[in-house]
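Protein sequences, first through last, are from chains V and W.
Going by the working numbering, the first sequence opens with residue 1, and the numbers climb by one from there.
Going by the working numbering, the second sequence opens with residue 115, and the numbers climb by one from there.
Don't read these hints as lab results, they were simulated from the structure.
Check each hint, because a few of them may be wrong.
[Claimed, not checked] Cβ pair distances, simulated, as ranges:
1) W:Ser180 with V:Ser27: 25 to 31 angstroms
2) W:Ser141 with V:Ser9: 35 to 41 angstroms
3) W:Leu153 with V:Leu46: 22 to 28 angstroms
4) V:Thr55 with W:Gly142: 18 to 24 angstroms
5) V:Tyr39 with W:Thr228: 16 to 22 angstroms
6) V:Ser70 with W:Thr184: 44 to 50 angstroms
7) W:Arg136 with V:Ala54: 20 to 26 angstroms
8) W:Thr228 with V:Thr5: 28 to 34 angstroms
9) W:Gln197 with V:Ser70: 41 to 47 angstroms
10) V:Glu66 with W:Gly185: 29 to 35 angstroms
11) V:Gln2 with W:Arg136: 29 to 35 angstroms
[To be verified] With the C-beta cut set under 10 angstroms, the calculated list includes, among others, these residues of chain V facing chain W:
12) Gln42
13) Gly43
14) Lys49
15) Phe90
16) Leu94
Quick caveat: nothing in here was measured; it's all calculated off a predicted structure.
Where a beta carbon is used, it is the ideal one built from N, C-alpha and C, also for glycine.
Read off the chains here:
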Amino acid sequence: AQSVTQLGSHVSVSEGALVLLRCNYSSSVPPYLFWYVQYPNQGLQLLLKYTTGATLVKGINGFEAEFKKSETSFHLTKPSAHMSDAAEYFCAGLIYNQGGKLIFGQGTELSVKP
Amino acid sequence: GAGVSQSPSNKVTEKGKDVELRCDPISGHTALYWYRQSLGQGLEFLIYFQGNSAPDKSGLPSDRFSAERTGGSVSTLTIQRTQQEDSAVYLCASSLPPGGKSYEQYFGPGTRLTVT
């Protein structure tokens, strides 16, 4: 069965520090991969996606992620954290020949300290 | 343009009552999804509609849950005889048909359901 795993349910960084949120997938077929952000009492907003092509993808708000097939990973990074980045982040995978349903990781809550 | 909208934003109901949750997808999006977000289970897929095809109901947790999509647009998720474990945020998303270059799902703000 396909699964997506996020390491660390809570990550805390200082403002200006590197943000690294980890995501690994388990699938016999490399899925399409997404990172979503959720601010309190809001829906999910797409940060970035990997489908095909370049393995380093850039998203909104200065975030980027790199698809590494050999490591079955799709970690999310941002060079310098901002207070407004505090939110919950979800990694998700989609198997393209199995409809469009997303399989989500457990989520990582990011806190940013001043 | 208008995004995905859901109503109501909050719903409190008594155990055993039926509830209906509504989702209005983005115009032109033929695919519509329901997910549930709860503390214990995270984000779970419930059901998926794509055009006129039979829906993928594989994520519905019990036969108390059903959904329909009328006219290929608005969808209603119905929960019968609600239980306390049904308390969660129900999220709706829509997208262009999966395939090609478009796999992005756009999410609504959710309906927070509380069963007392």
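Hints, one by one, checked against the model:
Against the hinted window of 25 to 31 angstroms, the Cβ-Cβ separation of Ser180 (chain W) and Ser27 (chain V) comes to about 30 angstroms, which satisfies the hint. Taking the beta carbon of each, Ser141 (chain W) and Ser9 (chain V) are about 37 angstroms apart, inside 35 to 41 angstroms as hinted. Taking the beta carbon of each, Leu153 (chain W) and Leu46 (chain V) are about 23 angstroms apart, inside 22 to 28 angstroms as hinted. For Thr55 (chain V) and Gly142 (chain W), the Cβ-Cβ distance of about 31 angstroms falls outside the hinted range of 18 to 24 angstroms, so the restraint is violated.
Hint check: Tyr39 (chain V) to Thr228 (chain W), Cβ distance near 21 angstroms, so the stated range 16 to 22 angstroms holds. Our hint of 44 to 50 angstroms for Ser70 (chain V) and Thr184 (chain W) holds, since their Cβ atoms are close to 46 angstroms apart. Restraint check, Arg136 (chain W) to Ala54 (chain V): a C-beta distance of roughly 39 angstroms breaks the suggested window 20 to 26 angstroms. Separation of Thr228 (chain W) from Thr5 (chain V) is about 30 angstroms and conforms to the stated range, judged on CB atoms against 28 to 34 angstroms.
Between Gln197 (chain W) and Ser70 (chain V) the C-beta distance comes to about 45 angstroms, which sits within the given range of 41 to 47 angstroms. Between Glu66 (chain V) and Gly185 (chain W) the CB atoms are about 42 angstroms apart, so this pair departs from the stated range of 29 to 35 angstroms. Hint check: Gln2 (chain V) to Arg136 (chain W), Cβ distance near 30 angstroms, so the stated range 29 to 35 angstroms holds. At its closest, the beta carbon of Gln42 (chain V) sits 6 angstroms from a beta carbon of chain W; the interface hint therefore holds under the 10 angstroms criterion.
Hint status for Gly43 (chain V): holds, given a least beta-carbon distance of 4 angstroms to chain W, under 10 angstroms. The beta carbon of Lys49 (chain V) is positioned within 10 angstroms of a beta carbon in chain W (closest approach about 7 angstroms), and the interface hint is therefore held. Contact between Phe90 (chain V) and chain W, as hinted, is supported at the beta carbon level, the nearest pair being about 6 angstroms apart and thus within 10 angstroms. A cut of 10 angstroms between beta carbons decides the hint on Leu94 (chain V): the least distance to chain W is about 6 angstroms, and the hint holds.
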